[in-house]
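Colleague: The chain contents come next:
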Amino acid sequence: MEKRVIKKDALAGIIKKMAENMVVYAPVRDEDNVLFTVLEEEMEPLLEFDNTKNAPKNFFFPQTEVMMRYMKTERGRELSTVEGEATPAVLFGVRPCDARSFVLLDNVFNDPKYKDPYYIDRREKTTIVSLACVQPPYTTCFCTSVDGHPFSAEGADVLLVDLGDTYLAEFVTPKGEELLKKMGDLPAADEALEAKKEKLSDAAGKAVNGVVPGRAIKSWMDENFEHPFWDTIHQSCLACGTCTYLCPTCHCFDITDEIKKEDGRRIRSWDSCMSWLFTMETSGHNPRPSQKQRWRQRAMHKFKYFVDNYDAIACVGCGRCVMYCPVNIDIRKIVTDISNL
Amino acid sequence: MQNPYIPIPVDVDKVITEVTTKDIKTFRLTFVNKEDEERFSYMPGQFAELSIFGKGESPIGIASSPTQPGYLEFTVQRAGVVTSELHSIEEGFRMGVRGPLGNTWPIDYLKGKNVVIVGGGFAFTTLRSLINYMIHEGNRADFGKITVVYGAREPGLLIYKDELAAWEKRDDIDMNVTVDKGDATWTGREGFVPAVCEQVAPGSENAVAVICGPPIMIRFTLPVFFNLGFSKDNIYTSLEMRMKCGIGKCGRCNVGSKYVCKDGPVFSLAELDKLTKEY
Amino acid sequence: MTEKTNENWEPKIIAFVCNWCTYAGADLAGISRLQYPPNVRLVRLPCSGRVNPFYVVKALQEGMDGVLVSGCHPGECHYISGNLSARRKFAMLKNFLSYVGIEPDRAIFTWVSASEGEKFSQVIKGVTEKVRALGPAQKLVKKL
Amino acid sequence: MENIEKQVREQAKKLLADGTVDIVVGYEKGTLPFQTIPCFITNPDDAERLVWNRFCSVNLAKYVHDIIFAHKASQVRTKPEERTKKTVGIVARGCTTRSLVIHLQEKQYDRDQVVIIGVPCTGYIANKKLSMAVNGAEITTCTVAGDALSVETKGGKRDITVNEVLADSCLTCRFNNPVISDVMIGDAAPPMPDGEKEYNAVDAFEELPIDERWAYFTKEMAKCIRCYACRNTCPSCYCKVCFVEQSQPRWVGAGIDESDTQVFQFMRMFHMVGRCVDCGSCVEVCPMGVDLRKFLKKLDKDDLQLFNHRAGESLESAPSLSVHRENDKEEFIFEP
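Protein chains in written order, with my numbering: chain A, 1 to 341; chain B, 1 to 279; chain C, 1 to 144; chain D, 1 to 336.
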């Protein structure tokens with residue numbers, strides 16, 4: 001693994017230079033939101049930020065994408081083009097929790113039997129540069145409770161660590177090393193810097209505020225699908241999709257057709273298990289008729305079903321759902337409460 | 001990389017109106033490209049997404065049997081956006097099929113055993129596929145006694161009438177077609193499916209029951225089979241759920257950790273018992 | 001999009017008209033052989049009160065350059081007050097469309113009675129001219 | 001305010017204990033440093049959980065509708081003569097009571113199914129404004145003493161006044177005291193500071209050139225992620241099936257297509273004609289900070305100017321689109 005040093009004041013320049021020749025996604029301030037956006041010439045990438053409001057899953061699994069287009073013919077409508085060809089890109093400034101989410105999503109979209117070509121194509125062509133959390137950004141962070149770490153390189157091709165006046169850059173995958181070639185001459189890192197990183201890493205791990213028994217509750221969930229506890233969490237839920245849409249690991253989608261005049265397209269767009277329509281059948285039967293069942297589904301999917309299927313928790317502990325839930329339904333509290341039952 | 005979301009082009013070769021209410025039709029589809037037909041290898045119990053560009057997709061069980069090469073058949077009730085559109089199309093229309101999807105009736109497990117098939121109303125489609133598969137001359141010897149109990153509310157609502165008549169004439173399959181209430185022309189059996197099952201009383205020795213029908217029928221039929229001595233491992237059924245992708249990604253058809261589209265739709269009662277009751 | 005940039009562009013207008021007055025007025029205009037531009041497609045509804053404001057917005061989204069809604073004059077509604085409740089809806093709708101930045105002349109409301117064949121042809125001329133002056137609709141239009 | 005909180009608890013306890021209500025909807029403390037969240041009390045002893053403070057933001061009227069309808073739905077298989085009614089107690093300030101008035105005017109439930117514990121209101125603190133006041137930094141503690149607010153972030157401590165961060169709809173509110181109630185708590189609150197400036201922002205927006213208005217609308221709607229939090233928190237949005245969810249016809253596409261989002265927001269807002277009480281809940285819950293109020297307030301202004309009506313002002317004043325007058329203004333009618 002290549003380990004290099006980048007001067008702090010040089011990083012923005014390196015990113016902007018990269019952006020001249022390829023698509024670079026970076027966090028940018030937009031009014032009161034910090035969002036990942038395509039870095040255009042006049043834009044400044046944000047290097048000092050807590051985390052973005054939108055999860056970067058959007059770049060591999062966009063909120064809305066065209067899957068295929070079709071045209072009217074004499075016999076009906078026929079496929080004209082298949083969409084989804086991606087351009088190579090760099091995703092810069094991803095927090096380690098969000099980078100881990102890609103590894104979790106790979107389980108679903110890069111399943112051995114059915115591969116999702118749209119997701120995989122973008123994933124393969126994108127290089128991910130992570131930024132370790134020297135200071136866990138929020139009090140709502142709980143990555144260490146769900147198998148993550150503020151310095152985790154899982155899912156990243158390059159991991160940047162802020163060492164004060166320099167960044168230590170670890171090029172952890174071949175894709176990352178490929179990117180190194182585009183970054184110009186960077187001096188190699190020495191062992192002292194490594195040691196400094198290890199120290200910071202330990203401190204950061206300990207500084208994560210939220211500690212919940214993410215793994216431990218599965219055994220309870222295995223046995224307690226019907227438990228009065230499930231009656232207690234959903235009452236204030238607005239059934240909006242904020243938690244699922246801001247979540248880095250939520251991946252449910254809908255497929256719909258749209259036509260204008262004769263021609264049309266088939267799109268897929270994010271869907272949310274919080275919506276009554278999600279499971280509603282044409283007959284009028286709904287296997288998850290109330291918010292209680294929907295909340296149980298969301299909690300169980302993250303902490304049991306996903307673990308059953310992929311041996312991983314479908315939560316990276318970023319805390320977005322905790323912070324942005326309009327009525328403050330707190331997944332950390334749910335997990336803790338379950339563990340106390 | 002194969003794109004599992006792209007429908008295979010097919011032409012509507014034949015449309016058969018199955019019932020007097022006209023809201024159930026069978027569509028015979030032929031592949032536009034020969035190589036697609038070869039790739040589309042399926043077994044009874046599987047389903048496919050019928051795809052009409054401009055309207056969307058709808059998951060429907062395959063009603064034809066792999067022993068009937070050259071075409072696929074789907075029997076569809078008019079209900080939502082896609083199925084309503086399907087009901088309005090004519091022969092010659094080009095549409096799409098995505099599949100085959102899901103698992104199959106447990107064919108290998110059925111081999112060497114007596115098979116009891118119980119169907120109600122319009123849910124007879126993949127059972128029909130199974131029957132045609134088992135009675136095909138190349139396969140018949142693999143299976144023991146085949147008993148069929150099939151019921152509908154009234155004679156006009158029985159589907160595959162010609163085929164039912166043809167099966168009645170065979171001596172290697174025990175047909176028991178019933179209606180809840182007959183009419184002036186009906187000379188066959190009258191009575192509910194569970195009652196008929198009781199009368200027919202197939203032995204549970206080395207036998208498997210395959211049941212598919214409306215929930216109310218299933219609820220009253222299962223006790224009959226338990227009384228006959230069938231174990232939960234030897235009763236199979238097929239689940240229905242809202243589906244979109246059909247390949248275990250879009251996330252809506254799960255029952256617990258299992259996806260009906262990928263891990264189902266066929267489950268034994270023993271398997272269903274292990275799942276959460278959320279379907 | 002090609003047709004929109006075409007120099008031969010002709011405004012495409014949809015008119016939701018009531019069965020009892022405006023549609024009859026259009027009939028009268030036809031019988032009287034009055035000339036008016038062919039840019040308007042008529043959709044007949046029982047009453048202007050039946051026109052859901054969504055029809056207007058949806059027509060704009062689907063790419064209509066203008067929408068006209070016309071019913072009986074106040075006091076003459078076949079259903080007594082359908083047009084009066086329509087008037088309230090459309091007063092709000094017209095203001096709101098304009099407020100978010102849609103040109104006010106994209107959505108036009110008027111009254112034409114069964115005896116006003118001449119007025120009908122004048123309305124169509126007027127509406128077509130107004131929409132022509134605005135040029136092709138760009139806002140709210142869905143592009144696939 | 002502590003006094004009001006105390007009385008709210010006492011009232012809730014009493015109503016539950018004597019069986020007047022089956023459930024009380026109020027606010028309780030959340031898990032984030034200062035957030036208050038809706039809570040549902042059925043046991044009189046739990047009334048101690050209720051709080052009343054400047055962070056009580058979302059309009060609770062929505063839950064009254066939800067609870068009553070969920071109860072109704074649970075009784076479809078019960079014989080008519082055996083069906084029971086659910087009575088809901090609610091901690092309600094001015095805007096909440098106006099939403100209840102709209103429910104009652106639209107015959108959603110009977111007046112005796114809701115017991116209103118009216119509280120005077122001096123406005124709630126808007127999350128978005130508070131966050132902007134500290135440059136988006138995460139707030140670790142936030143305490144209010146009268147009109148002074150002390151906010152702590154990682155970067156340090158800041159003192160601000162409550163008025164700087166009150167929700168816009170509170171600053172110009174003219175109904176900060178309940179318009180109907182069964183039990184009133186405390187003395188009526190004084191008028192809010194900017195009542196007279198209620199439509200200033202709308203007036204200013206109307207003056208902008210049309211393309212600038214469109215540019216603003218486009219920019220704001222582009223933020224929307226179609227999570228529907230605005231719709232779902234709105235007490236006036238109670239349709240069983242919303243138009244966005246209908247499939248035959250499909251009014252609006254499911255994705256975040258620019259035009260679909262604009263049409264969705266435009267039509268949802270238009271459904272608020274004469275029914276928006278300017279409680280600010282939609283703005284408060286929006287995760288992306290879309291400026292919905294700029295548009296909703298226009299409908300409010302036109303409603304007042306054209307029809308002399310204010311949503312939910314009183315039980316007697318019917319929603320403006322359900323009535324009409326012979327002499328309603330019609331300057332907008334085209335005459336060739």
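Keep in mind the hints are simulated off the structure, nothing from the lab. Quick caveat, the model's predicted, so the values are computed rather than measured. Glycine residues also receive a C-beta, built at the ideal position from the N, C-alpha and C atoms. Check before you lean on any hint, since a few could be wrong.
[Stated by the list, open to error] To give a feel for the contact side, a few chain C residues facing chain D, derived at Cβ under 10 Å:
| no. | residue |
| --- | --- |
| 1 | ALA24 |
| 2 | LEU28 |
| 3 | SER32 |
| 4 | LEU34 |
| 5 | ASN39 |
| 6 | ARG41 |
| 7 | PRO46 |
| 8 | PHE54 |
| 9 | LEU68 |
| 10 | GLY75 |
| 11 | ARG88 |
| 12 | LEU93 |
| 13 | LYS130 |
| 14 | ARG132 |
| 15 | ALA133 |
| 16 | LYS142 |
Colleague: For every hint, state whether the structure bears it out.
Modeller: Checked hints:
1. ALA24: violated (18 Å)
2. LEU28: Given a least distance of 16 Å, the restraint on LEU28(C) is violated.
3. SER32: Interface hint status for SER32(C): violated (16 Å vs cutoff 10 Å).
4. LEU34: violated (13 Å)
5. ASN39: Because about 15 Å separates ASN39(C) from the closest Cβ in chain D, which is outside the 10 Å limit, the hint is violated.
6. ARG41: The hint is violated - ARG41(C) has no Cβ within 10 Å of chain D, the shortest such distance being about 18 Å.
7. PRO46: Result: violated, 18 Å to nearest chain D Cβ.
8. PHE54: holds (6 Å)
9. LEU68: OK, holds: LEU68(C) within 10 Å of chain D, min 8 Å.
10. GLY75: Check passed: Cβ of GLY75(C) comes within 7 Å of chain D, closer than 10 Å.
11. ARG88: This interface hint holds because 5 Å falls under the 10 Å limit.
12. LEU93: At about 7 Å, which falls below the 10 Å cut-off, the nearest Cβ of chain D leaves the hint on LEU93(C) intact, so it holds.
13. LYS130: This interface hint holds because 8 Å falls under the 10 Å limit.
14. ARG132: violated (15 Å)
15. ALA133: violated (14 Å)
16. LYS142: holds (4 Å)
When held up to the earlier numbered hints, the structure conflicts with 1, 2, 3, 4, 5, 6, 7, 14, 15 and fits the remainder.
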